[in-house]
Structures are given as C-alpha cells and as structure tokens.
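Please build the complete structure, drawing on both the sequences and the hints.
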Amino acid sequence: MPEGGRLRVVALISGSGSNLQALMDAAANGGAFEIVAVISNRADAFGLERARGAGIPAEVLDHRDYTGREPYEADLRTLIDRYAPGLVVLAGFMRILTPAFVEHYAGRMLNIHPSLLPKFRGLQTHQRALDADEREHGASVHFVTPELDGGPVVLQARLAVRPGEDAATLAQRVLTLEHIIYPRALGWFAQGRLRLGPDGRPWLDGGPLMAPIVIDAAAG
Numbered sequence: 001m002p003e004g005g006r007l008r009v010v011a012l013i014s015g016s017g018s019n020l021q022a023l024m025d026a027a028a029n030g031g032a033f034e035i036v037a038v039i040s041n042r043a044d045a046f047g048l049e050r051a052r053g054a055g056i057p058a059e060v061l062d063h064r065d066y067t068g069r070e071p072y073e074a075d076l077r078t079l080i081d082r083y084a085p086g087l088v089v090l091a092g093f094m095r096i097l098t099p100a101f102v103e104h105y106a107g108r109m110l111n112i113h114p115s116l117l118p119k120f121r122g123l124q125t126h127q128r129a130l131d132a133d134e135r136e137h138g139a140s141v142h143f144v145t146p147e148l149d150g151g152p153v154v155l156q157a158r159l160a161v162r163p164g165e166d167a168a169t170l171a172q173r174v175l176t177l178e179h180i181i182y183p184r185a186l187g188w189f190a191q192g193r194l195r196l197g198p199d200g201r202p203w204l205d206g207g208p209l210m211a212p213i214v215i216d217a218a219a220g
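With full-length UniProt numbering applied, the sequence shown corresponds to residues 1 to 220, in that order.
Because the hints were derived from the structure by calculation, they are not lab data. All values reported here derive from a predicted model rather than from experimental measurement.
Restricting the straight-line Cα-Cα distance to at most 20 Å, the calculated cross-link-like pairs of lysine to aspartate or glutamate (EDC-like) are: (1) Lys119 x Asp133; (2) Lys119 x Glu147; (3) Lys119 x Asp149; (4) Lys119 x Asp166; (5) Lys119 x Asp131; (6) Lys119 x Glu136; (7) Lys119 x Asp216; (8) Lys119 x Glu134.
Now the structure itself:
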C-alpha cells in the first residue's frame, strides 16, 4: 500500500460502468485503493453518473473532438496525470491505445477482458466462444501492454458454457465473474502484493506467476 494512504486509481470508461461500480463498491468497503477520477471518451456513458453519485470527479474527453489518436492521447495523459494515480484501470474503455501511451503507464495499467485470454482477444468474445463450441469461458485481468489484449494475465475466472445458452446470457454470467476478480486484482496491486516484474511477468507475493491465478466457477 502506498505510504500515507490508499492507492490512487483513475478509471477509464466508455459505457455503463458496471465494473467501475464493482471497484467503487470495493473501495468504499475498506479497499486498499480509492477511485480518484473517472474519465470517459463518451459524454453519455452512464458510468459518469455512477461516479458523480459517489462524489468522484467525472471527466469527459471526447475522441471525436480530435483529428488523430496522438493528440487525443496527449490530452488524455495530461488529464489522467493531473490526479497523480498510482494505477490506471480500463473498465470498458473502448479505445485502442498507442504504444507510447501504454508505455507511459507501464506496470501501472490494468484491464479486464471478457474471455480466458489468450483466447478471443478483441470484441464479441461471447459469441465467438459459442461459435467455437468452447466448453469453458470466462474473464481475465491483465497488465496492459502495446499488444491488444496481449499483456501478462494475472487473474482469471472461468465457468462452464451451458448447452443452448446464447451470447447475452453467457455475457451476463461472465460479467458477474468480472465483478469479483477485478476488485481482487486491484486489491493485490494496492497492497503491494502484485506488480509487473523485470522479466515482464506478473509477480505476486514476491515471486513470478508461472500461470494466471484461476477462480474455477465451472460448475456454475
């Protein structure tokens, strides 16, 4: 845990912010971190209302007001750094980030992704899992690197795909797992237990993780 208080976290969102809500709830219930700002690239993101309702600064920086990715990210970085975060979390932030932006927060940026990485990077993960006749599906928390959804995975939760279920039902079940593992991973980071090691792998409790920690909800 940072000296003198809880870890300062800035969250980036684009939508409803259900994972943001899970993080806010964990922070409010004695977590070792605090959400000090929420930033969205969309003014209509409901997650901004969640933040305002909790008294957390909510900022909008619309990418459509910019002619290119680099100018947008330059202002985004300035806005983030104004809050002096020890960690930046992506919570449904639907923007592909440039390598320069990611490197600025190397080892200090986490993302949650709705698949058992490295399977199904990118979008429409639930339908793709069904189309591939996967028997298991889930969610992953990983450090962000320049490779899209390719950073070192820290924590996963998996469940069994039910016969005949559709993508919407599967997505909702996976979302429930996301709300469990994202606050847990942030807690580890905030407590000083989790970091990105010099070898590029996640380190937990002083040693490298040879494989992600997995919460098995496959029976559900």
